[in-house]
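J.: Make the full structure from the sequences, and use the hints.
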Amino acid sequence: MPSVSVRRSKRLTPLPALGPLYLVLVVICGVLVVEALAAGRYAEPRLIPLLIIFGAAYAGTRQGIYLVGDQLVLRLGLGSSVIALNRVREFTLRAEPGKAGRRLLWVELLDGTQVPTSVGVSRNLFSPVVRMPFEKLVALVEQLDTHRRQAS
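Sequential numbering of the sequence shown, starting at 12, is according to the numbering used here.
Don't read these hints as lab results, they were simulated from the structure. Among these hints, one or two may not hold up.
Stated by the list, open to error - In silico lysine to aspartate or glutamate, EDC-like type, Cα no more than 20 angstroms apart, as pairs: (1) LYS21 x ASP156; (2) LYS21 x GLU153; (3) LYS147 x GLU107; (4) LYS147 x GLU101; (5) LYS21 x GLU107.
T.: Okay, structure coming up:
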């Protein structure tokens with residue numbers, strides 16, 4: 012998988028609904044960890060839980076869809092998937108099976124593989140998806156489709 016860290020990326024989706032909370036957790040945990048390490052308290056029992064919370068909160072802020080050149084980067088948690096736009100057949104909005112009121116953005120590749128994203132419409136504030144109004148999600152699909160046509 013090609014590295015995408017050296018090129019500039021453009022975030023196409025907003026922060027998750029809990030994004031501000033994630034940012035606050037990153038700052039608080041970061042300050043507490045730095046303070047403990049600066050004081051030389053390397054064996055303090057709260058360091059490991061703070062680092063775990065810091066990592067989870069940081070991963071939550073990165074969640075979304077990014078455009079890097081002619082590649083699409085789907086970030087969810089600490090992982091990411093890189094998809095070349097010239098391998099994409101279409102972008103679709105589908106209801107998530109078993110989840111009433113939740114629609115997700117899916118990427119269908121030329122080989123028939125269907126990849127769900129973490130972006131969608133959900134009524135639940137604590138939903139793990141990056142929530143967007145339906146109209147903005149449709150605009151995002153149109154924007155992604157434009158980039159896909161330019162990459163082909």
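J.: State for each hint whether it applies.
T.: Evaluation of the provided hints:
For a cut-off of 20 angstroms, the pair hint linking LYS21 to ASP156 stands: about 16 angstroms separates their Cα positions. For a cut-off of 20 angstroms, the pair hint linking LYS21 to GLU153 stands: about 16 angstroms separates their Cα positions. Using a Cα cut-off of 20 angstroms, the hinted pair LYS147 and GLU107 holds, with the two alpha carbons roughly 18 angstroms apart. For the given pair, LYS147 sits about 17 angstroms from GLU101 by alpha-carbon distance, which is consistent with the 20 angstroms threshold.
Taking the CA atoms of LYS21 and GLU107, the gap is near 27 angstroms; set against the 20 angstroms cutoff, the hint is violated.
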